[in-house]
Structures are given as C-alpha cells and as structure tokens.
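Residue numbers (our numbering), protein chains in the order written: chain A, 1 to 289; chain B, 1 to 390.
It is worth saying that the hints were derived from the structure and are not from the lab. Incorrect hints may have been included.
[Claimed, not checked] Pairs of lysine-lysine residues, derived as DSBU-like cross-links and limited to a Cα-Cα distance of at most 30 Å, are as follows:
hint	chain 1	residue 1	chain 2	residue 2
1	A	K282	B	K143
2	A	K241	B	K117
3	B	K117	B	K216
4	B	K176	A	K241
5	B	K143	A	K220
6	B	K95	A	K282
7	B	K117	A	K272
8	A	K241	A	K220
9	A	K282	A	K118
10	B	K117	B	K61
11	A	K243	B	K388
12	B	K172	B	K308
13	B	K61	B	K308
14	B	K313	A	K243
15	B	K187	A	K114
16	B	K388	A	K241
17	A	K114	A	K144
18	B	K313	B	K95
19	B	K117	A	K243
20	A	K241	B	K21
21	A	K167	B	K308
22	B	K363	A	K144
23	A	K243	A	K220
24	B	K216	B	K105
25	B	K117	A	K118
26	B	K14	A	K241
27	B	K388	A	K223
28	B	K216	A	K241
29	B	K61	A	K241
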Amino acid sequence: MSILVNKDTKVIVQGFTGKEGSFHAEQCLAYGTKIVGGVTPNKGGQEHLGQPVFNTVSEAVKATGATVSMIFVPPAFVGDAVMEAAEAGIELAVIITEGAPVKDMQMAKAHATKHGMKTLGPNCPGIITAEECKIGIMPGMIFKKGNVGLISKSGTLTYEGTNQVVKAGYGITTAVGIGGDPIIGLSYNQLLPMFEADPDTECIVMIGEIGGDLEIQAAKLIKEQITKPVVAFIAGQTAPKGKTMGHAGAIVSGSAGTAAEKMAALEAVGVKVVVSPAEIGKAVKEILG
Amino acid sequence: MNVHEYQAKQIFAKYGVPTPKGIMVESVKDAVIAAEELGGPIWVVKAQIHAGGRGLGGGVKLAKSLEEVETLANEILGMTLVTHQTTAEGKLVQKLYIEDGADIKDEFYLSVVLDRKLEMPLIMASTEGGMNIEDVAENTPEKIITIPVDPAIGFQGFHGRELAFGLGITDKNEQKKIISFAQKLFKLYMELDAEMIEINPLVRTGTGDFLALDGKMGFDNSALGRQPEIAAMRDLTEEDPDEVEAAHYGLSYVALDGEIGCMVNGAGLAMGTMDTINYMGGTPANFLDVGGSANAETVAKGFEIILKNPNVKAIFVNIFGGIVRCDRIANGIIEATKITDVNVPVIVRLDGTNAPEASEILKNANIENLIVASDLGDGAAKSVAAAKGE
Numbered sequence: 001m002s003i004l005v006n007k008d009t010k011v012i013v014q015g016f017t018g019k020e021g022s023f024h025a026e027q028c029l030a031y032g033t034k035i036v037g038g039v040t041p042n043k044g045g046q047e048h049l050g051q052p053v054f055n056t057v058s059e060a061v062k063a064t065g066a067t068v069s070m071i072f073v074p075p076a077f078v079g080d081a082v083m084e085a086a087e088a089g090i091e092l093a094v095i096i097t098e099g100a101p102v103k104d105m106q107m108a109k110a111h112a113t114k115h116g117m118k119t120l121g122p123n124c125p126g127i128i129t130a131e132e133c134k135i136g137i138m139p140g141m142i143f144k145k146g147n148v149g150l151i152s153k154s155g156t157l158t159y160e161g162t163n164q165v166v167k168a169g170y171g172i173t174t175a176v177g178i179g180g181d182p183i184i185g186l187s188y189n190q191l192l193p194m195f196e197a198d199p200d201t202e203c204i205v206m207i208g209e210i211g212g213d214l215e216i217q218a219a220k221l222i223k224e225q226i227t228k229p230v231v232a233f234i235a236g237q238t239a240p241k242g243k244t245m246g247h248a249g250a251i252v253s254g255s256a257g258t259a260a261e262k263m264a265a266l267e268a269v270g271v272k273v274v275v276s277p278a279e280i281g282k283a284v285k286e287i288l289g
Numbered sequence: 001m002n003v004h005e006y007q008a009k010q011i012f013a014k015y016g017v018p019t020p021k022g023i024m025v026e027s028v029k030d031a032v033i034a035a036e037e038l039g040g041p042i043w044v045v046k047a048q049i050h051a052g053g054r055g056l057g058g059g060v061k062l063a064k065s066l067e068e069v070e071t072l073a074n075e076i077l078g079m080t081l082v083t084h085q086t087t088a089e090g091k092l093v094q095k096l097y098i099e100d101g102a103d104i105k106d107e108f109y110l111s112v113v114l115d116r117k118l119e120m121p122l123i124m125a126s127t128e129g130g131m132n133i134e135d136v137a138e139n140t141p142e143k144i145i146t147i148p149v150d151p152a153i154g155f156q157g158f159h160g161r162e163l164a165f166g167l168g169i170t171d172k173n174e175q176k177k178i179i180s181f182a183q184k185l186f187k188l189y190m191e192l193d194a195e196m197i198e199i200n201p202l203v204r205t206g207t208g209d210f211l212a213l214d215g216k217m218g219f220d221n222s223a224l225g226r227q228p229e230i231a232a233m234r235d236l237t238e239e240d241p242d243e244v245e246a247a248h249y250g251l252s253y254v255a256l257d258g259e260i261g262c263m264v265n266g267a268g269l270a271m272g273t274m275d276t277i278n279y280m281g282g283t284p285a286n287f288l289d290v291g292g293s294a295n296a297e298t299v300a301k302g303f304e305i306i307l308k309n310p311n312v313k314a315i316f317v318n319i320f321g322g323i324v325r326c327d328r329i330a331n332g333i334i335e336a337t338k339i340t341d342v343n344v345p346v347i348v349r350l351d352g353t354n355a356p357e358a359s360e361i362l363k364n365a366n367i368e369n370l371i372v373a374s375d376l377g378d379g380a381a382k383s384v385a386a387a388k389g390e
C-alpha cells in the first residue's frame with residue numbers, strides 16, 4: 001500500500017515538451033510511472049516520448065483518463081496551469097516549478113480547492129511511491145520499498161532522510177515533498193492522516209523548516225489523531241532572524257516560526273525530534289527495532 | 001525585495017493614497033533647495049535606509065527653519081544608523097527624504113501582509129500608531145484588528161466598515177476617507193505583487209484627513225519579472241554585496257558569524273548542515289545553496305565567495321547527488337580547486353547516485369587539504385575538527 005499514488009496511477013505532464021518537462025518525464029517513465037500523455041499548447045496531435053501530446057488538459061483527461069498532472073510550466077504560467085487542471089477534473093496536481101508568484105498561488109489553490117483538486121508544491125521534488133510510481137524530480141533509485149512514510153518541505157532533505165532510512169535497513173512506502181514556498185498545497189495535516197490510514201506505513205518521518213506554523217499545526221493534529229510513531233527534524237536552528245534561507249517561505253519573522261518553537265511543540269506531543277538530519281536513520285531504527 | 005520610504009510614497013501617490021509632500025535628495029545643498037520648494041514652515045528630515053526604527057536611532061528629525069534643515073541634513077547624511085532592525089554595524093545613510101511637517105491629531109497603524117495560514121492578504125490596523133507593532137501584539141493584542149480579504153472578491157464595503165468601526169472612527173466623512181485609503185492600498189498591494197505594506201504611523205490630521213506618514217513596502221521576488229517598474233526601484237547598496245554576487249551566479253548565500261564555510265545543494269540540506277555543525281560543537285560561517293546542478297563553475301564561485309570571509313577555517317562541501325551524478329560533481333570540485341586558490345581544509349561528502357565512484361575520484365586526485373567524508377555526521381565532525389586545527 002501507499003498514499004495518493006501507486007503503480008496504476010495515470011499521469012499527464014503539463015509543460016511536457018519543454019526541456020525540464022521532457023527530461024524528468026523520461027526519468028519517470030523509466031521508473032515505471034504510467035505517464036499517459038502531456039500538454040503543450042499548439043503541439044496537440046504530436047507524439048513525445050512515445051506518448052500523445054494535447055493542446056489542453058481537458059482533451060488530455062478525456063482521451064487518457066489521467067487523474068494526476070505533473071506541472072513543469074514556467075513560473076509565470078503555474079497559476080494558469082493549476083486552474084486549468086482543476087477545471088479539467090484532475091484529482092492531484094504535482095507542481096514542480098520553482099518561483100511561481102505568491103499571488104498566483106493564492107488564486108490557484110483556492111480555485112483547486114473549489115473544484116476538489118489536491119495540489120502538491122509548488123517548488124517541490126514531487127511524490128514517489130517506492131518501486132511503483134515516481135512523479136517528480138527525485139533520484140528514484142534511492143527509494144527502496146519499506147514501511148516508513150516521509151513528508152518533507154525540502155527536496156535534498158527528502159533524499160537525505162530516505163537514504164538514512166534505507167541504510168538503517170528499512171524502506172519507504174511513499175515520500176512526499178510538500179515544498180518550501182509561503183503557500184503550498186497538501187501539507188503535514190492532510191498527509192499525516194493518510195499515512196495513519198495506510199496499513200503498510202509503520203513510522204512517519206516529517207522534515208520541516210523555519211517559517212510559518214505548519215509544523216505547529218501538525219503537532220496539534222498528531223496529538224489528536226496520529227497513533228503511529230513520528231520522527232521529526234526541523235531545519236534552520238542556526239538560521240538568523242529576518243533572512244530568507246533559500247526557500248521563499250523559510251524565514252523567521254520577528255519571534256515567529258523559529259526551529260526551537262516547532263521542535264518544542266512536536267516534542268511535547270511525543271514526536272521523536274532529532275537535532276541533526278544525520279540522526280534520522282538512527283531514530284527510525286530505535287523505533288522500528 | 002524592499003524599497004525605500006520615498007519610493008513607497010511615490011507608489012502611494014500614484015494610487016491616490018494620501019501622503020505629505022516630500023523630495024528625495026542625496027546632498028545637503030539639495031536638501032535645502034527641496035525644503036525651499038516645499039515651503040515649510042515645518043519640515044521632517046528623514047534618513048532613507050531599508051530598516052525600521054529610524055526615528056529612535058536618530059535618523060528622523062524635525063526642522064523649523066531652513067538653517068535647521070541644513071544642520072540636520074549635514075548630521076544625518078553620511079551617518080551610520082543603528083536600529084533594532086539593522087545589524088550592529090548599522091547602515092550608512094546615503095539618501096534623505098525632506099518632507100512637509102504634518103498636523104498630527106492621532107496616530108494609527110495600518111498594514112497589509114500575506115497571512116500564510118489563511119492563504120490570503122490580511123489587513124491589520126491599530127489605534128496604537130507609532131509604536132513597535134510587535135510590542136502591541138505582545139502586550140495588548142486586543143488593540144490590533146485583523147481583516148482577511150479574499151483576493152477572489154477583493155476589498156468590499158464590509159471590509160472598510162470593519163476597519164473604520166474597529167479603529168473607533170465615528171465621523172461619517174472620516175469613515176469615507178479611511179475606507180477609501182485602505183481600498184486604494186489593497187488595490188496596489190494586489191496589482192503590484194506586494195508582499196507587505198506597513199504604514200506606521202498613519203495619521204489623522206487636525207482637519208480630519210488621513211495621511212501615510214511612513215511607508216514600508218516589500219515585494220514578492222518571484223513576481224518582479226512582471227513588475228518592471230518595481231524591479232527598477234531595487235537599491236543594491238542596501239543589500240549585502242556578497243549575497244548579490246552569489247545570486248548573480250544562481251547561488252543563494254547568507255553570511256553568518258562562525259568559522260566553517262558550507263557549500264550544500266538544496267536549501268533544506270544547507271540549513272540541516274549548519275545545524276549539524278552546530279550540534280557537533282562548531283559554528284557555521286554561512287548558508288550557501290548551490291542549487292540543483294552543482295558544477296565546476298558554481299562550486300568554484302562558491303569557494304570564492306566563502307573564502308572572502310576571513311573567519312573561515314574550513315569548508316564543508318555537502319552534496320546529495322540525485323539526478324546530477326556524484327562522479328560528475330567530484331570532477332567539478334577538483335576543477336574548482338584548480339580555478340580558485342583554496343587555502344583551508346575542504347571536507348567533501350558526496351552521497352547519492354554513483355557516490356562510491358566519486359569517492360575514488362576524490363581520493364585519487366591527491367589534492368592537499370581535501371578530506372573525504374562518508375556521510376553527513378562524519379563530514380560535520382571532520383569539519384569541526386579541521387576548523388579547530390585538529
């Protein structure tokens with residue numbers, strides 16, 4: 001089992017024929033992901049990577065039955081692409097693009113919600129169900145199948161955490177990169193209950209960072225709804241205040257959004273909080289034995 | 001991206017948000033000419049730097065004669081202003097804003113910010129104008145009113161009424177004025193992709209008018225491509241030159257005050273690396289994200305920027321190679337050490353795709369000062385030891 005995506009999930013790619021879209025779609029196909037087509041306006045009717053190209057998402061959905069869209073369009077067009085996917089009946093949009101204007105994401109996410117479409121990202125590595133379905137830009141070969149679910153704001157920390165889990169002798173059910181922008185789609189509070197309900201997931205690793213309060217909200221939810229053990233790392237304990245640390249959302253404003261505050265909130269509800277990402281594998285091993 | 005007060009007020013004026021008249025100058029002579037043009041009889045001489053708390057730091061002063069304008073301009077221009085929002089070294093004042101004095105009856109606070117929880121803009125207002133709003137939020141939270149505005153419906157009449165009544169404005173004429181003020185401010189917030197606007201204080205004058213006495217604005221960097229007029233307002237002298245240079249090469253850099261330089265791919269891992277160094281008893285000298293495609297040129301540039309900091313005693317290169325294979329990155333690092341003269345120990349940890357091959361390449365290169373680490377913990381420990389000269 002897994003969450004959100006599996007070997008049967010049908011995926012289309014928006015921005016299919018672009019450089020990034022092509023490169024990563026090819027990698028996903030090689031991983032075994034069922035990419036059934038893509039969308040690039042004015043290239044409808046062509047074939048790319050052995051799959052059909054459509055002018056609109058609506059056409060692509062009708063012709064292929066895809067339920068997930070992986071979005072690689074340039075930043076200025078992300079909002080538009082997400083809203084198009086939502087109206088075409090896509091169930092989950094995985095937004096890889098970095099640098100989408102925040103205003104566009106406010107509008108697009110509200111519109112997606114209205115149409116019942118889930119979103120992931122933007123500025124995220126995507127989602128992967130180990131050895132079944134990779135929708136994103138992560139190095140597929142490190143994700144060995146197992147019983148640990150992973151949620152992370154950071155791409156490279158997703159890989160770091162996964163690598164340690166695998167080196168400790170375990171594996172991953174599904175790993176989800178949620179992105180580090182100020183406004184993101186699915187987050188801890190939607191994903192934690194999914195892992196709780198997934199029979200194969202026995203332990204959850206959550207990786208957060210400074211800025212915002214999603215990790216604090218997660219602590220409240222964990223206390224009320226999550227019975228499975230959770231290991232957490234919060235990046236940015238040594239980050240200075242008022243500085244954006246790479247991710248647009250990773251900023252401590254005033255006294256809010258610090259790593260210390262988030263670590264304390266998670267620890268208080270029984271989460272195993274590690275002070276360095278180098279300890280993630282060890283912590284999982286202590287829990288799973 | 002932030003702009004100066006005088007630029008924020010130019011934007012306000014364009015959208016019809018009332019502000020006192022003022023002129024930006026860069027010399028004492030021009031300050032006096034500007035004051036003459038404004039006419040007086042009272043002027044405010046204001047330091048233009050990208051930081052709040054200028055008044056308390058001595059960067060905002062009242063002048064009652066042209067002579068006084070000259071004396072104050074002389075005093076403030078060229079001074080290094082230290083406020084609670086600057087670093088301890090402060091910021092050099094290179095520009096002044098000479099402004100008409102206002103007849104202040106009351107001071108309010110008004111801002112528009114992005115509420116990340118509600119995922120929409122939030123108007124915040126308070127009758128406690130002129131104070132540090134974080135202190136007001138801490139001590140008297142009931143004195144702050146918050147009005148979320150859904151961008152899909154925009155600023156409606158009820159938002160305005162909540163604001164006017166919330167601030168205790170009872171005169172109907174004044175209510176109209178404050179509502180129109182906030183409506184225009186919200187319009188420009190949305191149209192210009194602002195991240196935050198803060199007016200503190202917003203004043204009510206003796207004649208019942210509302211004026212933005214101060215103006216602070218920040219913009220969404222991701223939207224600057226479609227806001228050329230805003231992008232043109234960027235003042236590079238207000239930014240850290242090393243950060244600006246790094247950004248030019250696609251690197252994200254923030255200087256810190258420790259001893260171990262860090263070069264990492266990905267923002268999360270870069271912060272995690274700093275945290276691990278700290279956990280192992282060392283101190284990080286910087287945050288540096290080389291991005292997804294670490295190659296010889298970006299790594300060389302990274303070394304160059306890190307080594308500008310004289311406190312750096314060792315450099316920890318921590319790369320998790322995903323799509324970019326580690327053997328390629330290893331070759332990039334070797335190339336980079338040839339381009340840049342690296343005179344401190346460099347600890348390299350490469351993990352991910354083709355990591356064992358990368359390790360071999362680095363070991364066989366026989367580069368003096370290059371230490372290969374097996375994982376994040378090992379790399380951090382070796383970096384801390386190297387920085388201590390062990």
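Verification of the hints:
1. Under the criterion of a C-alpha separation no larger than 30 Å, the hint pairing K282 (chain A) with K143 (chain B) is inconsistent with the structure, at around 48 Å.
2. Note on K241 (chain A) and K117 (chain B): the hinted pairing holds, with a Cα-Cα distance of about 20 Å set against a maximum of 30 Å.
3. For the hint pairing K117 (chain B) with K216 (chain B), the CA-to-CA distance comes to about 23 Å; that is within 30 Å, so the pair holds.
4. Distance hint between K176 (chain B) and K241 (chain A) is unfulfilled; the C-alpha atoms sit about 39 Å from each other, more than 30 Å.
5. At most 30 Å may separate the alpha-carbon atoms for a hinted pair to count; K143 (chain B) and K220 (chain A) meet this at roughly 28 Å.
6. The suggested pairing of K95 (chain B) with K282 (chain A) is violated, with an alpha-carbon distance near 55 Å, which exceeds 30 Å.
7. Simply put, K117 (chain B) and K272 (chain A) have alpha-carbon atoms about 25 Å apart, close enough for the 30 Å limit, and the pair holds.
8. At roughly 25 Å between alpha-carbon atoms, K241 (chain A) and K220 (chain A) fall within 30 Å of each other, so this suggested pair holds.
9. A threshold of 30 Å between alpha carbons decides the hint, and for K282 (chain A) with K118 (chain A) the separation of about 33 Å lies outside it, so the pair is violated.
10. Using a Cα cut-off of 30 Å, the hinted pair K117 (chain B) and K61 (chain B) is violated, with the two alpha carbons roughly 39 Å apart.
11. At most 30 Å may separate the alpha-carbon atoms for a hinted pair to count; K243 (chain A) and K388 (chain B) meet this at roughly 28 Å.
12. Pair hint K172 (chain B) plus K308 (chain B) does not hold up; C-alpha atoms about 60 Å apart against a cutoff of 30 Å.
13. At roughly 38 Å between alpha-carbon atoms, K61 (chain B) and K308 (chain B) are farther apart than 30 Å, so this suggested pair is violated.
14. For the suggested pair K313 (chain B) and K243 (chain A), the alpha carbons sit about 24 Å apart, so the restraint of at most 30 Å is met.
15. With a C-alpha separation of about 24 Å, the suggested pairing of K187 (chain B) with K114 (chain A) holds against the 30 Å cut-off.
16. This hinted pair checks out: K388 (chain B) and K241 (chain A) have alpha carbons roughly 27 Å apart, not beyond 30 Å.
17. Among the hinted pairs, K114 (chain A) with K144 (chain A) is inconsistent with the structure: their alpha-carbon atoms are about 36 Å apart, more than 30 Å.
18. With a C-alpha separation of about 38 Å, the suggested pair K313 (chain B) and K95 (chain B) falls outside the 30 Å cut-off, and the hint is violated.
19. As the CA atoms of K117 (chain B) and K243 (chain A) are separated by approximately 20 Å, the hinted pair is consistent with the 30 Å bound.
20. For the hint linking K241 (chain A) to K21 (chain B), the alpha-carbon distance of about 34 Å lies beyond 30 Å, and the restraint is violated.
21. Between the alpha carbons of K167 (chain A) and K308 (chain B) the distance comes to roughly 37 Å, so the proposed pair goes past 30 Å and is violated.
22. Simply put, K363 (chain B) and K144 (chain A) have alpha-carbon atoms about 29 Å apart, close enough for the 30 Å limit, and the pair holds.
23. Distance hint between K243 (chain A) and K220 (chain A) is fulfilled; the C-alpha atoms sit about 27 Å from each other, no more than 30 Å.
24. With a C-alpha separation of about 22 Å, the suggested pair K216 (chain B) and K105 (chain B) falls inside the 30 Å cut-off, and the hint holds.
25. With a C-alpha separation of about 17 Å, the suggested pairing of K117 (chain B) with K118 (chain A) holds against the 30 Å cut-off.
26. A distance of roughly 33 Å separates the Cα atoms of K14 (chain B) and K241 (chain A); the hinted pair therefore is violated under the 30 Å criterion.
27. Between the alpha carbons of K388 (chain B) and K223 (chain A) the distance comes to roughly 43 Å, so the proposed pair goes past 30 Å and is violated.
28. A C-alpha spacing of about 19 Å is found between K216 (chain B) and K241 (chain A), which places the hinted pair at or below 30 Å, so the restraint holds.
29. Distance hint between K61 (chain B) and K241 (chain A) is fulfilled; the C-alpha atoms sit about 29 Å from each other, no more than 30 Å.
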